[in-house]
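> Residues in the sequence shown are numbered from 0 upward in steps of one, following numbering that gives the first Met the number 0.
Certain hints may be false.
[Stated by the list, open to error] Straight-line C-alpha distance at most 30 Å; calculated DSBU-like pairs for lysine-lysine:
(1) Lys138 - Lys243
(2) Lys138 - Lys98
(3) Lys180 - Lys221
(4) Lys99 - Lys243
(5) Lys99 - Lys180
(6) Lys180 - Lys243
(7) Lys98 - Lys180
Because the hints were derived from the structure by calculation, they are not lab data.
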Amino acid sequence: MIREINYDASAEMKGGFPGIRKLGAVSPSGETTPFVFRDRLYRMELSDPSRGTDSSAPACALIRDRETGEILSRFGEGCYYHSLYQEDGVLYVTAALSKKPALWGDTIVLFESRDLVSWSRRELFRNPGWRYFNTSLTKGPDGYVLCMEAGGPREEVGVPFTAFFATSPDLIRWSMMDADKGYPRHRYLGGPWFRYSRGYYYLIAVTELPCARYTNYVYRTKDFDTWEIGLYNPMLMPDEEDRKISPFAFDLSPELVRQIRTGFLSSNSDVDMCEYGGRTLITYNAGNQLGFYYLAEAEYDGTIDDLLAAYFA
């Protein structure tokens, strides 16, 4: 049985709300991972011309130079919800293999590159009957842990969506963590970002609020049995700062810029982040979960480890 630690009126907030500054819209893309490679800042972006409305559209992942907007490579066709992890100069991207006509799938695929251009591909594992969406990979003291957002089977998931986990010592051999450790079954949890830091596994994920509003909550666990909810949630909420256009914006059509300026904003979702220039660069999707979305950036003055710990101070 999963135990959840929430807070009551006696809780003290000694650290203060973490200061995150929104920088503005940068791309029309979906789920994204920012990363530094050979001292230069890049983004891996989900490119989908149909914006999630047509599974036959040629969706893929792309690598973009954050400063120039140059696209170095495209890969990951046939998959969706790509997520990047980097270790020792090697880039690893996990994704759900789409089970057409759906965008989700029961198979997780791994892409690998050492130069941002050439990508190998192999199947990590298949779990028949499951519906996987977003994934996020991290490395802890006992090996790799993959977090997977699942929407089925219903008897395992409960309220879609729920986070489940798989472990590996080497990114080759995989074991599914007991499905009883799925978290949380009683409410929506989507678009997970997952990271091991200072003795905890941290999870940032989308929470559905009343009246079709979406935001991000921060959680952490040491053992996947007990989860703490961060004191300073939610992490990001839609506001007028989402309507800014960043100087690092590329490929924003006039129509999308018009939507950014005047469209209905009800969602900040699918957070990812990296460290660059002594700060934490955060990417997220703004929009409304009704077909209108775009990629935006924010930043925090400090390391990722410090940012995560600040939600529990």
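> Return the numbers of the hints above that this structure violates; sort them in rising order.
Violated: hints 1, 4 and 6.
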